[in-house]
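Protein chains: 2
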Amino acid sequence: MAPARAQKRIEGVLAPVVTPFGADLSPDAARFVRHCRWLLDRGCSGLAVFGTNSEANSLSVEEKLELLEALVRAGVAAAALMPGTGHCALTDSVKMTREAVRLGCSGVLMLPPFYYKGVSDEGLFRSFAEVIERVGDERLRLYLYHIPPVSNVPIPHDVIDRLLSRYPGIVAGVKDSSGDWQNTRAMLDRFRDRAFDVFAGSEVFLLDNLRHGGKGCITATGNVNPAAIDRVFREWRGADADRLQAGITATRKILQKLPMIPALKATIAHFGNDPQWRTVRPPLTELEPAQERALVGELRAAGFGMPGLAEIT
Amino acid sequence: MAPARAQKRIEGVLAPVVTPFGADLSPDAARFVRHCRWLLDRGCSGLAVFGTNSEANSLSVEEKLELLEALVRAGVAAAALMPGTGHCALTDSVKMTREAVRLGCSGVLMLPPFYYKGVSDEGLFRSFAEVIERVGDERLRLYLYHIPPVSNVPIPHDVIDRLLSRYPGIVAGVKDSSGDWQNTRAMLDRFRDRAFDVFAGSEVFLLDNLRHGGKGCITATGNVNPAAIDRVFREWRGADADRLQAGITATRKILQKLPMIPALKATIAHFGNDPQWRTVRPPLTELEPAQERALVGELRAAGFGMPGLAEIT
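Line by line, the protein sequences give chains A and B.
Going by numbering that gives the first Met the number 0, the residue at position 40 of the first sequence is 39; the numbering climbs one at a time, nothing skipped.
Going by numbering that gives the first Met the number 0, the residue at position 127 of the second sequence is 126; the numbering climbs one at a time, nothing skipped.
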C-alpha cells in the first residue's frame, strides 16, 4: 500500500453517541440523527458513533451500517464521523471499516478482537494489520481503541509501535480509555514525533492531555455536556483553563456515580423531554426511577442544562 | 409460549468442533464436514459447533450459517448439533438461534453477551429471555454457556433458577467451563429435579459429573480424543472407570500445556497429514514448530493416535 497522503485530521471533542431504541429495542435512526445534529451544533467536532457508550456491540453489523448511512443521508458530514468498526470477527471488522472509508469518514475507532483474553502481541498486531491490508485504502485513518476495563484486551505500546512502523499515516492515533493518565502520558511521550494523535477517553484528562501534546478527548459525557467540554478544548491555553476543567470534571463525577450508559440516556430523556431515550438493550438495564431523580436533582443543582435539545429537529 | 413437549435430549461427549480455514483465512466447509464426520464416527454423540474452540467469535454470523447449512446439506444429522449461537448483539443471537431451531438442531449453546462486564442479574436474565421470546419456538433447547475465564461474564445460579422457572423445558442445561468442580457440583445439586442437564466443560471432570447426575461433557479435546472420552461415558458405572478417566485426563494435560486451539489444530494437521489445518484466525497464532514437535512427541509417547483421520472423506 502506498503511504497515505497528508490530510487534516480530526481533533477536539468527540462524543461516542448513545444509540436510541424504540420500544421493540430496534435502533431509532430519526432520534439518532437528531441527537447527532445537536451534538455538532453544541461543541462536538466529531462523532465517535458505535463506541462502548453507543451499545455498539449490542448491535449487528447491519444495524450499524443502516444507522451510519442514515446519518450521511441526513446530511451529517462524513468528515465529522469516526465510527467504531472493531469486532471479534475479522470479517465483520473489515466489512464495517471498508464501508466507513467508502462513505468518507474521517477515521475509524477500532477495538481489538475482545473474546479471547491474554492474546499475544503478534496476534494483536495481525488482527489490526489484516483489517488494514484487506481494506487496502490509503484514505483509512485507524484509531486504536484501548479500553481494558471493558474489553479486557489491552493494546500494548509495542504493538502500537509496530503498527505505526508498518502503516504510517494509516494508523493515526488512539483513544485511551484505560482511566490511567500515566498510560496516556507514556504514549504521548513515546509516539510524539510519529503523527499519532492521542485522545483521552474521559474529559477528566482533557487539559492534561492537551498540555502534553494530545489532540482532544472522546468522552461519554460529550453526549450531554459538549459545549463546556469544547470550551476547555478551545481555551486550554487561557488563564481560565484550570477552572473550566474543574467544572467539566465536576459534572463528569455526578454522572459516573451511576452506570454511565443508562445515566446518559436518562439525562437526555429528562432534559430533552423524550422518555423513549431511556431504553437500553440487554444486558444493560435502565436506571431505577429513584436513581434518575437523584441524578437529575444533582445535575440541576450544579446548573447543568442541555439547551436546545428538546427543540432540535 | 406453550410448555415444550417431552423429547429425548442429547447426552454424552460433544466436541466444540475446531473450524478449518483456507490460506486466505476463509472457513473451509469441506474440511469442516470431514472432521465432523470423523468425530461422529469415533465416539462423539454430538457436535457443539461454534464454541470457543471453534474460533466462533472470530467468524461472522453469515460465515457460521454457511458452515451450519453445509453440515446439514452433507447429511450430518441436525439432531447431533448444538451450535453456539450467543453473541454480544441481541439481533445476532436471535438470528442464529432461530436458524438452528429451523434446521432441527438438538439445542443451542448460548454465551451471554460478553462485551459489558459486571452486568446485573436482571440484565443477564433479560438477555437470554429476549432471545427465547423472539425465537418463540417450543422446539428450542437452550444450554447456557458458563465460561468466565474467557467471557469474563459469569452466569449466576440465581439467573439460571429464574430462567428455568420462566422457561421450563426450553432452558435445558449448561456447559460449565469455569474449571471449578465445586461450581458444577453446586448446579447439579440445586437443579437436580428440574430437567437441567449439566455438561462438564472438560473431560477431566467427566466421571465426577456423571457420578453426580450430569449428562456428559463438551470438551475441546473431544476434537482429537473422542473414542477414549466416549468410553468413560459408556463405562462410567464399570469397575474400570477410574483407570479410564485417568487415561483421558493424562492426554488432556499434555494438550493443555499449550494454547488449546492451535494445539488442537496442530494435532489434527499432524495426525491427519493435512498442514492446512494449522491455520488460525487472528488474534490467535499458530504453534511454533518446536512447540508442535514437542506436543506430537509427547502424544506419541503416550500412545495417542487418531485412527482413520487421514482417510475420512
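In short, the hints are calculated from the structure, not lab data.
Treat the hints with care, as some may be off.
Simulated crosslink set (EDC-like; lysine to aspartate or glutamate; CA at most 20 Å straight-line) [unchecked claim]:
id	chain 1	residue 1	chain 2	residue 2
1	A	116	B	241
2	B	116	B	65
3	B	116	B	132
4	B	252	B	179
5	B	7	B	27
6	B	252	A	65
7	B	116	B	129
8	B	116	A	137
9	B	7	B	23
10	A	7	A	137
11	A	116	B	129
12	B	256	B	297
- Message: Tell me if the straight-line CA distance from residue 116 of chain A to residue 129 of chain B falls inside 20 Å.
- Response: violated (27 Å)
- Message: Check the hint pairing residue 252 of chain B with residue 179 of chain B against an upper bound of 20 Å on the C-alpha distance.
- Response: Distance of about 16 Å is within 20 Å: holds.
- Straight-line alpha-carbon gap residue 7 of chain B to residue 27 of chain B, limit 20 Å: violated (32 Å)
- Item | Satisfaction of hint between residue 65 of chain A and residue 252 of chain B, Cα-Cα up to 20 Å | violated (48 Å)
- Query: Taking only the CA atoms, is the gap from residue 116 of chain B to residue 132 of chain B under or equal to 20 Å?
  - Reply: Status violated; Cα separation ~24 Å.
- Would the pair residue 116 of chain B and residue 137 of chain A pass a check requiring their Cα atoms to be no farther apart than 20 Å? violated (35 Å)
- Task: Starting from residue 256 of chain B, check that the Cα of residue 297 of chain B is at most 20 Å away, please.
- Result: Distance of about 11 Å is within 20 Å: holds.
- Message: Holds or violated: residue 7 of chain B and residue 23 of chain B, Cα atoms, limit 20 Å.
- Response: Answer violated: residue 7 of chain B to residue 23 of chain B is near 41 Å, above 20 Å.
- Item | Distance restraint between residue 7 of chain A and residue 137 of chain A, which requires alpha-carbon spacing of 20 Å or less | holds (14 Å)
- Message: Check whether the Cα positions of residue 116 of chain B and residue 129 of chain B lie no farther apart than 20 Å.
- Response: Status holds; Cα separation ~19 Å.
- Below or equal to 20 Å on CA atoms is what counts here, so check residue 116 of chain A against residue 241 of chain B. violated (34 Å)
- Query: residue 116 of chain B and residue 65 of chain B: Cα distance at most 20 Å?
  - Reply: This hinted pair is violated, its Cα atoms lying about 31 Å apart.
When each numbered hint is compared with the structure, violations occur for hints 1, 2, 3, 5, 6, 8, 9 and 11.
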